[in-house]
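Use the sequences and the hints to build the structure in full.
Using my numbering, the letters of the sequence shown correspond one by one to residues 14 to 355.
Worth flagging that the hints you see were computed from the coordinates, not collected in a lab.
Note that the Cβ used here is the ideal one computed from N, Cα and C, for glycine as well.
Any given hint might turn out to be false.
[To be verified] Here are the computed distance ranges between Cβ atoms for each label pair:
1) Met331 / Val109: 21 to 29 Å
2) Met331 / Ala354: 38 to 46 Å
3) Ala354 / Gln135: 41 to 49 Å
4) Pro270 / Gly302: 15 to 23 Å
5) Val104 / Arg350: 40 to 48 Å
6) Gln262 / Gln240: 43 to 51 Å
7) Pro24 / Gly299: 19 to 27 Å
8) Glu345 / Pro24: 26 to 34 Å
9) Tyr120 / Gln262: 45 to 53 Å
10) Val189 / Leu48: 41 to 49 Å
11) Asp229 / Asp44: 39 to 47 Å
12) Glu345 / Val189: 31 to 39 Å
13) Pro98 / Pro49: 20 to 28 Å
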Amino acid sequence: MTSAENAPTAPASVQAAVAGEALIDLIRRPDGSYLPCLGGALYNLCRALARQGVGTQYLNPLSRDRFGRELAAQLAGDGVQLARPDPVQQVTSLAVVNLNAQGHPDYAFYREGVADRAVSAQGLGDACTALPALQLVCTGALALDARDTAIYLPWLAAQRAAGRCVVVDANLRPSVMPDLAAYRATVHAALAHAHIIKASDEDLDHLAVPGTDALDRARNLLAANPQAHLLALTLGADGAWLLHRNGTQCFAREAQPLEVIDTVGAGDSFLAGLLAHLLRQAQDAGAAGFVQFVEALTAEACGQALRHALASASLCVMEQGCVPPGWDAASEWSRARPALAE
Numbered sequence: 014m015t016s017a018e019n020a021p022t023a024p025a026s027v028q029a030a031v032a033g034e035a036l037i038d039l040i041r042r043p044d045g046s047y048l049p050c051l052g053g054a055l056y057n058l059c060r061a062l063a064r065q066g067v068g069t070q071y072l073n074p075l076s077r078d079r080f081g082r083e084l085a086a087q088l089a090g091d092g093v094q095l096a097r098p099d100p101v102q103q104v105t106s107l108a109v110v111n112l113n114a115q116g117h118p119d120y121a122f123y124r125e126g127v128a129d130r131a132v133s134a135q136g137l138g139d140a141c142t143a144l145p146a147l148q149l150v151c152t153g154a155l156a157l158d159a160r161d162t163a164i165y166l167p168w169l170a171a172q173r174a175a176g177r178c179v180v181v182d183a184n185l186r187p188s189v190m191p192d193l194a195a196y197r198a199t200v201h202a203a204l205a206h207a208h209i210i211k212a213s214d215e216d217l218d219h220l221a222v223p224g225t226d227a228l229d230r231a232r233n234l235l236a237a238n239p240q241a242h243l244l245a246l247t248l249g250a251d252g253a254w255l256l257h258r259n260g261t262q263c264f265a266r267e268a269q270p271l272e273v274i275d276t277v278g279a280g281d282s283f284l285a286g287l288l289a290h291l292l293r294q295a296q297d298a299g300a301a302g303f304v305q306f307v308e309a310l311t312a313e314a315c316g317q318a319l320r321h322a323l324a325s326a327s328l329c330v331m332e333q334g335c336v337p338p339g340w341d342a343a344s345e346w347s348r349a350r351p352a353l354a355e
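Here it is as structure tokens:
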């Protein structure tokens, strides 16, 4: 099903609830002008999950300004439900994005008094309580700003206590945080609630996780969070790892170089592909619950989910901006271009 054919999901069919930033990326062009694009890591994740066939709800409010209306329209077009359908007066957050020669983005954010921060732990929790089929919740990135600790940390704790799978994408933006030590502490505090952790090699550096290399640091981060079952480590063009609490390790990397346009939304598409595949596997297996399925994940299931996640990211980087693939496109890519594995 294409995004144009999607209709917003009903509360009874929502499997994933996502909380965090929705903003406008102003991407600098070679001529010095800026191209406005809908973005934000958690906003991108919502779109990517819905395109992969996962019933998804975005929990944060959106602005009534023109950018907010565009953000809402795109979510509706992709089939994402809004927990807060009535827009708020606060303005939409902005991110100025400069791309380097490899298409890797560098961000500057404008987030004071913005719409997506006009939320409370109670409001997030109430929205989740109204979703009877909810399997997982996800946050990360700018939501882990130390100034918003009172919003997201109590909500994560409550969702874990309610038996839902907690997913945290570290996705650090240290250059825009006024207090790096407090930011790092907040990210670690959020990770302490997670069943599933996603981190890049850069995230591990920013978090000051000890280790001889990225894989060693990822193992140490998983060891430092004994409540977590699964950790996804992304390495950009060098592939990705999945590390499970039971000792399973899976690696995948594209066998052939990609024609990369930019990497905006690649990590979000990766995480969406991973979660969509795990949810589908759990459903096909008749699992009693998603948390229990992830806890007992086999090496074969781990590898299949990782390859689908990698395919999802690969398709995204060959587009300008965040254009997440659908389930069928990612599945076909994975079949047609088998990834290298270790």
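Status of each hint after checking the structure:
| no. | hint | verdict |
| --- | --- | --- |
| 1 | Met331 / Val109: 21 to 29 Å | holds, 24 Å |
| 2 | Met331 / Ala354: 38 to 46 Å | violated, 22 Å |
| 3 | Ala354 / Gln135: 41 to 49 Å | holds, 45 Å |
| 4 | Pro270 / Gly302: 15 to 23 Å | violated, 40 Å |
| 5 | Val104 / Arg350: 40 to 48 Å | holds, 42 Å |
| 6 | Gln262 / Gln240: 43 to 51 Å | violated, 19 Å |
| 7 | Pro24 / Gly299: 19 to 27 Å | holds, 23 Å |
| 8 | Glu345 / Pro24: 26 to 34 Å | holds, 31 Å |
| 9 | Tyr120 / Gln262: 45 to 53 Å | violated, 31 Å |
| 10 | Val189 / Leu48: 41 to 49 Å | violated, 20 Å |
| 11 | Asp229 / Asp44: 39 to 47 Å | holds, 43 Å |
| 12 | Glu345 / Val189: 31 to 39 Å | holds, 37 Å |
| 13 | Pro98 / Pro49: 20 to 28 Å | holds, 23 Å |
Checked against the numbered hints given earlier, this structure breaks hints 2, 4, 6, 9 and 10; the rest are met.
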